[in-house]
Amino acid sequence: MEKVAISLAGVEQHRAHFRLGPIDLDIPEGYVTAIIGPNGSGKSSTFRLLLDLSKPDAGQMSILGHPVGQGDDRSWKRQIGYLQEESDYLDNSIRGSEKATFIRKWYAEWDVNLYQDLLRRFEVDDSIKLGKMSKGMRRKFELALVIAHKPKLLLLDEPSSGLDPIAWRSMIDILHRYMEPGDRTILMASHIIDEVRRLADYIVFMARGQILGKYEKDELFERWHVLYVPAANDSDRGKLLTMPGVIEVELAGVGMYRIVSEDAPQTEEALQAAQFTIGSRQAMQLDEILQVLMQRGVYA
Amino acid sequence: MWLPIHLNENSAEPMYHQIEVQLRALIVSGQLTEGTLLPSIREMAQMLKCSVITVRRVYQDLETEGLLRTRQGTGTFVASVQEEDLGRQRTASVIEAVEAAVEAGMRVQLTRQEMEHIMTRVLDDRWKENG
Chain A
1 MEKVAISLAG
11 VEQHRAHFRL
21 GPIDLDIPEG
31 YVTAIIGPNG
41 SGKSSTFRLL
51 LDLSKPDAGQ
61 MSILGHPVGQ
71 GDDRSWKRQI
81 GYLQEESDYL
91 DNSIRGSEKA
101 TFIRKWYAEW
111 DVNLYQDLLR
121 RFEVDDSIKL
131 GKMSKGMRRK
141 FELALVIAHK
151 PKLLLLDEPS
161 SGLDPIAWRS
171 MIDILHRYME
181 PGDRTILMAS
191 HIIDEVRRLA
201 DYIVFMARGQ
211 ILGKYEKDEL
221 FERWHVLYVP
231 AANDSDRGKL
241 LTMPGVIEVE
251 LAGVGMYRIV
261 SEDAPQTEEA
271 LQAAQFTIGS
281 RQAMQLDEIL
291 QVLMQRGVYA
Chain B
1 MWLPIHLNEN
11 SAEPMYHQIE
21 VQLRALIVSG
31 QLTEGTLLPS
41 IREMAQMLKC
51 SVITVRRVYQ
61 DLETEGLLRT
71 RQGTGTFVAS
81 VQEEDLGRQR
91 TASVIEAVEA
101 AVEAGMRVQL
111 TRQEMEHIMT
121 RVLDDRWKEN
131 G
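Residue numbers (the UniProt record's numbering), protein chains in the order written: chain A, 1 to 300; chain B, 1 to 131.
Bear in mind the hints are in silico, worked out from the structure with no lab data behind them. From a predicted model like this one, the values you see are computed outputs, not experimental measurements. Even glycine gets a Cβ: it sits at the ideal position worked out from N, Cα and C. Where hints are given, some of them may not hold.
[What the hints assert, rightly or not] Here chain A is said to cover these stretches of chain B; the calculated rule only asks that three of the stretch's residues, wherever they fall, bring their Cβ under 8 Å from a Cβ of chain A:
#1 47-56
#2 59-73
[As the list claims (entries may be wrong)] No farther apart than 25 Å at their CA atoms in a straight line, the calculated lysine to any residue pairs in the SDA-like style are these:
#3 A:239 / B:12
#4 A:150 / A:115
#5 B:49 / A:198
#6 A:129 / A:170
#7 A:214 / B:14
#8 A:77 / A:123
#9 A:3 / B:60
#10 B:49 / A:28
#11 B:49 / A:165
#12 B:49 / A:191
#13 B:49 / A:167
#14 B:49 / A:157
#15 B:49 / A:239
#16 A:77 / A:64
#17 A:152 / B:14
#18 A:55 / A:211
[To be verified] Partner residues aside, some chain A positions facing chain B, computed with beta carbon under 7 Å:
#19 179
#20 201
#21 218
#22 222
#23 280
#24 282
#25 283
Put together the whole structure using the sequences plus the hints.
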């Protein structure tokens with residue numbers, strides 16, 4: 001079996017206006033896992049719990065084999081790079097280089113050449129005060145800062161927020177290069193569909209504090225399809241609904257049914273066995289899949 | 001390194017299969033010669049926007065077929081292709097493309113006869129050009 005970089009078991013957190021969990025989730029080592037979900041679904045809260053920045057009300061977590069919330073955490077936290085969602089405004093008055101000097105003290109593995117290289121590739125000038133940097137430049141600077149100590153695990157909370165398209169592309173490239181050694185892991189939260197498409201190996205859907213599912217990316221796109229099926233009469237709808245994988249059936253124009261399937265190969269087989277022809281098929285996009293999963297969550 | 005591999009996400013064929021067919025065709029057609037170093041698994045995944053899980057599967061399958069070999073620490077290379085494999089595998093990607101064309105025809109509900117007619121016409125045109 002594959003090694004697990006992060007594991008959450010029965011993790012819950014109760015707040016006056018938000019309830020997270022119970023969350024059971026394993027993040028495999030050596031892969032990019034992206035959590036996607038609407039704002040307020042609990043992505044950032046999960047990151048904070050993993051880093052012991054807030055405490056769960058129930059459950060166990062481990063990171064890189066170490067239990068979270070017990071004993072001296074300095075040794076394993078040195079192997080993590082965490083990019084938080086919002087920049088820390090307390091840093092506004094210091095220069096980038098000053099922040100870097102402070103950060104590198106805590107990381108024995110800090111690689112000054114890599115840091116300089118990242119700044120160059122991102123076109124960031126670290127002599128500028130952090131508060132004076134543009135939103136995009138500051139984000140790029142912070143990203144360089146969390147990668148420069150070559151962590152085994154990167155936790156990225158909405159990494160691309162504020163990045164222009166050019167900077168976004170270099171971020172994607174830098175993260176791919178980061179993963180090249182093969183034993184590194186990224187867990188990222190994102191609601192940028194294209195970012196997830198380009199980076200992720202696994203996709204976790206999250207909404208309202210719950211995990212809706214974890215999928216291998218390519219398998220997800222292979223299985224979740226919309227099929228258009230010409231059908232003669234209304235009684236066919238019931239027949240279609242009972243087929244394996246079928247989630248939704250609706251009339252799309254005259255005599256044409258639109259079928260949402262979470263297991264297209266099986267659905268197609270059943271359709272063919274029942275003498276239906278398949279008019280066309282279309283892979284679903286992540287946002288459409290998320291929407292279907294969320295609707296199902298409501299009625300489940 | 002850029003490779004002419006194109007994925008159709010709306011196809012019923014799984015992604016690993018699409019990549020496998022096209023990569024195999026590149027090797028057996030001689031476009032990728034023996035000893036060529038292929039992109040790393042992560043680079044290939046980035047290029048094709050698919051997961052490393054899929055690319056690893058493709059590399060493993062083609063290695064089992066003897067078309068690729070992996071050297072620990074250096075990467076994945078194109079192996080030598082046996083003559084008898086060439087003919088058989090050359091046609092595999094063509095069959096795939098024709099199947100996609102037939103599927104396009106079925107979507108607009110062409111009859112078998114109409115499709116045969118189109119196929120003949122395209123072939124005739126092409127051979128006239130070249131002839």
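Do the alpha carbons of residue 214 of chain A and residue 14 of chain B lie within 25 Å of each other, as the hint requires? The hint holds at about 19 Å.
Holds or violated: is there a CB of chain B closer than 7 Å to the CB of residue 201 of chain A? holds (4 Å)
Hint check: residue 77 of chain A vs residue 123 of chain A, CA-CA at most 25 Å. Holds or violated? violated (28 Å)
Hint check: residue 129 of chain A vs residue 170 of chain A, CA-CA at most 25 Å. Holds or violated? It holds: about 23 Å lies between the C-alpha atoms, which stays within 25 Å.
Next pair to validate is residue 49 of chain B with residue 165 of chain A; report whether the Cα-Cα distance is within 25 Å. Given pair residue 49 of chain B, residue 165 of chain A holds - Cα atoms ~17 Å apart, limit 25 Å.
Holds or violated: are the alpha carbons of residue 49 of chain B and residue 167 of chain A at most 25 Å from each other? holds (19 Å)
Report holds or violated for the interface hint on residue 222 of chain A, using the least CB-CB distance to chain B and a cut-off of 7 Å. For residue 222 of chain A, the interface hint holds, since the closest Cβ of chain B sits about 5 Å away, which is under 7 Å.
Mind checking the CB of residue 280 of chain A against every CB in chain B and telling me if the closest is under 7 Å? Holds, about 5 Å.
Is it true that the CA of residue 49 of chain B sits at most 25 Å from the CA of residue 198 of chain A? Since the Cα atoms of residue 49 of chain B and residue 198 of chain A sit roughly 5 Å apart, the hinted pair holds (cutoff 25 Å).
Given the hint that residue 55 of chain A pairs with residue 211 of chain A, test it: the Cα-Cα distance must not exceed 25 Å. holds (19 Å)
Checking hints one by one. Is residue 282 of chain A an interface residue toward chain B, by the C-beta closer than 7 Å rule? holds (5 Å)
At a Cβ distance under 8 Å, does chain A reach at least three residues of the segment 59-73 of chain B? With 0 residues close enough to chain A, the hint is violated.
Hints 2, 8, 15, 17, counting from the list given before, are not met by this structure.
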